[in-house]
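Asker: The primary structure of each chain is shown beneath.
There are 2 protein chains.
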Amino acid sequence: MTRICFELHVKPDKLNEYVERHAAVWPEMRDALREAGWNNYSLFVKDDGTLIGYLETEDFAAAQAAMALTEVNSRWQAEMADFFVALDGAPDENIVPLREIFHLD
Amino acid sequence: MTRICFELHVKPDKLNEYVERHAAVWPEMRDALREAGWNNYSLFVKDDGTLIGYLETEDFAAAQAAMALTEVNSRWQAEMADFFVALDGAPDENIVPLREIFHLD
Numbered sequence: 003m004t005r006i007c008f009e010l011h012v013k014p015d016k017l018n019e020y021v022e023r024h025a026a027v028w029p030e031m032r033d034a035l036r037e038a039g040w041n042n043y044s045l046f047v048k049d050d051g052t053l054i055g056y057l058e059t060e061d062f063a064a065a066q067a068a069m070a071l072t073e074v075n076s077r078w079q080a081e082m083a084d085f086f087v088a089l090d091g092a093p094d095e096n097i098v099p100l101r102e103i104f105h106l107d
Numbered sequence: 003m004t005r006i007c008f009e010l011h012v013k014p015d016k017l018n019e020y021v022e023r024h025a026a027v028w029p030e031m032r033d034a035l036r037e038a039g040w041n042n043y044s045l046f047v048k049d050d051g052t053l054i055g056y057l058e059t060e061d062f063a064a065a066q067a068a069m070a071l072t073e074v075n076s077r078w079q080a081e082m083a084d085f086f087v088a089l090d091g092a093p094d095e096n097i098v099p100l101r102e103i104f105h106l107d
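Protein chains in written order, with this note's numbering: chain A, 3 to 107; chain B, 3 to 107.
Calculated directly from the structure, the hints in this document are not laboratory data.
Computed from a prediction, not measured in an experiment: that's the story for all the values here.
Yeah, the Cβ is synthetic: ideal placement off N, Cα and C, and Gly gets one too.
Among the clues, some could well be false.
Said to hold, decoys possible - Partner residues aside, some chain B positions facing chain A, computed with beta carbon under 7 Å:
no. : residue
1   : Glu19
2   : Val21
3   : His24
4   : Val98
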């Protein structure tokens, strides 16, 4: 199992709407993530729009690839794209795992 | 159980040393964290010195208070203080949990 942490940046003036959308993520999107191996997945935000994601998965590349194959992910990412600052491609294509330097079980 | 995510900032020119120190956290510091209820605790860094912490705990205020009572934490925080940008007090006293906006088990 690997732990993945990533940072993205939501436009500050769209942060409230982004938060609202994430209080009501489509059930089929939640199911797809779970089936693709995105476990213990949380998102956190700062007021300035900084978004931190954390998840646990067997193989993150495989988990990303599995989501990329789903139709619901394409719909979700298309709706999320305009919330983010300066992306090249869909939001989920901009995830770069941070470097883990410490872990305590 | 609550999930806590926080962000701090390490001085970029001290990041390598900070990483080295965290590859060799004192066993008594690890034990103290575990006993104080800091579970599944990870630290991640970006090259610019951004430090992201993630942990799970029953009650974060209680987990912080329990660590604050330990002698080893005082020694550790004193040694870590100079690694950080613009802190008011010890590093662990500057932890402000980010807002969780989404979770999938």
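Asker: A separate judgement is required for each hint: does it hold in the structure or not?
Answerer: Results of checking the hints against the structure:
no., hint, verdict
1, Glu19, "violated (12 Å)"
2, Val21, "holds (5 Å)"
3, His24, "holds (4 Å)"
4, Val98, "violated (9 Å)"
Consistency with the previously given hints fails for numbers 1 and 4, ordered from lowest to highest.
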